[in-house]
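Fit chain B to the supplied structure of chain A, relying on the hints for placement.
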Amino acid sequence: MTPTQLQPHTQTSQKQILLVEDNPGDADLVCLRLVEGRSDVKVYTVNRLADALASMSNHEPALVLLDLNLPDSHGAETFRKVLKHAPNVPIVVLSGQEDEALAINAVHHGVQDYLVKGAFSGKQLERSIRYAMERQALLSALELTRQEQIEFKNRLLSHVSHELRTPLTCVHQYISLVADGISGPTTTEQRDHLKVAMKGVSQLQAMIRDLLEASRAESGKLRVEPRCIDIGELVEQAVAMMKPAALVKGVGLGAGIDAGIPLVFADPDRVLEVLINLIDNAIKFTPADGAILVNARMVETDPDMVYVAVSDTGCGISADVRPLIFDRLYQEPGRESDSGSRMGLGLGLFISQELIRLHNGRIWVASEPGLGSVFTFTLPTFSLARQLSPVITHKEQLRPAFVLVRVGVSLQANTPHARRRELVQQCRETLRRCVYLDKDLVLPPMGPSAAGEAYFVVASTDMEHSVILTNRIREQLVGIPGMSAKGALNVTAAPVDLLPADLTGSLTEQVEAVAGRVSSIILQGQGGKAIYARNGESRYVH
Amino acid sequence: MPKQKILVVDDDANLVQALRLRLLANNYDIAVACDGYAAVATAQKERPDLIILDLGLPAGDGFVVLDRLRHRANLAGVPVIILSARDPESSEERALLAGATAYFQKPADNDELLQVIRVSLPPTEAQQAMA
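Quick note, the sequences are listed as chains A and B, same order.
Counting along the first sequence from 1, when you hit position 489 you're at 489 in this note's numbering, and nothing is skipped either side.
Counting along the second sequence from 1, when you hit position 71 you're at 71 in this note's numbering, and nothing is skipped either side.
Don't read these hints as lab results, they were simulated from the structure.
The hints are all genuine.
Restricting the straight-line Cα-Cα distance to at most 25 Å, the calculated cross-link-like pairs of lysine to any residue (SDA-like) are:
| # | chain 1 | residue 1 | chain 2 | residue 2 |
| --- | --- | --- | --- | --- |
| 1 | A | Lys195 | B | Ala108 |
| 2 | A | Lys153 | B | Ser90 |
| 3 | A | Lys199 | B | Val116 |
| 4 | A | Lys221 | B | Pro88 |
| 5 | A | Lys195 | B | Asn110 |
| 6 | A | Lys439 | A | Leu469 |
| 7 | B | Lys3 | A | Ser183 |
| 8 | B | Lys3 | A | Asp180 |
| 9 | B | Lys5 | A | Gly184 |
| 10 | A | Lys199 | B | Asp87 |
Same shape as in the complex, but just chain A (with noise of 0.2 Å):
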């Protein structure tokens, strides 16, 4: 429908103004209203959200009348969505006597004000729309100078990290000349005294690269790339890369990981990331002999989440500090790590934390000062047979037939990081493209990127019929421009019948024997590495 126009009051200079009301006897009334306040706008008048939200998107309103019950929406959910809609754009509430409080509510949601039907004079509807339209300008101009703020910090960030680089890596390199002996013979003390100034060049560059984390981190920008990994690996790992440090210390470092813990789903790398700086953390604050342990549970009230925690028996944090230290820049005074040791920029558990939040997960510290802490983060674990379950079940019931089909992309041992990266992108778009996305469902990537990647998609339709689905998938792949030239030596996709034959039980539990036939399927194409269903006790293994 389009917008039926009112008669305009003045011809120049004029403000238009939405009207959406449903209720034409109230409709001409606001529109009375206007005329006698003089005020000089003109109204268009829609009577449903939708025709609201399709006139605003042809041509913004300089301000939205906006009734919130429209037989097309009701309640909050109506002021929801403009404001949703068109965030910039004022909006002043028509609100009946009865439901006043949610017009009080909709103010403290964004909406500039709000009227009461039949209770206003044409003066106050006059000078609720232009005070509307002050605050919203004043507010729109206070967020673009936030956002300029933001970009500016961030070019200076940007800026200043690379000017910075430039002198360090020439302290850097003839550091290393000398060190290496290019420059000459050199004793072991001078070596010794060399590995001091290359620490401090790490520390350096380390700070580099946390302002520029920290300053994404600030604007939204950083990113996560989660597949599905074993937790309990990356723990192993982290724990590993630290042990030299530990060492060095005297600190004791172990990992231990529940029996049977299920997958989550996360960035290997920044999950790896925040675990290094936890433990980088604990050693720093940890005297000789004490010990940390990093630990990977699951806990029963939570069975979405999976819990890791990084425990250690330093000085402690006291409770009066323990909400700040996750802000940016906070460094606690008088919290001493052992001599000569940095306390950093301050940004590692901020970056942290943000990276969490993005996983979907939480970040906490507990603490008893004198005897140590204990930092947890949770991760979603990923849940084979909840991803399955809408795909290969239909009314109650398992679908007549679904298979499962391997699409193998071997790409060149040298693509570069980012190039893969692209490359990897590129298939899952493809391959979503290939699929019927209420019937069929791509798995996301499983376990730690390698050379090549697999990709596992359930498609609902028998082993005759998919050959249209495996044909489809290989074109579009090696469609891809740079594919067959650049990256990929070899695109495969191959069938497999899931349909199972001798299944009993309910169907929760015939989901559950899908997922788990799926993971073991999978595991196959992978060479023996663990994937889990969801539920502690299937663990499939091979």
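What follows is chain B alone, placed relative to chain A:
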């Protein structure tokens, strides 16, 4: 046996000197250039087996150099390793798509850099004969 030649392009003379010493110590021949224009001219004249290229350069930045190299038939195949202070997040992908072989952010680990130089260089005649 003739040594393989590496062209180092950077506008920081001190860094060029340090890289030169390290590469000489690793038995490579070295040519140097300190701006974008000289980079292409020197490459044309010296015919290096590999180029180490900075991105922020006067007289044609690293991307311009990459582009010019790729448009010269006799230089298009020479592997180029980017060594830049710029954030890989913003520049790595662009450089690799423009034809660079690898991207290192300064300061780079010397052993890693040397390793990538080794695998990127075309095999020498002696190596080919052995194979």
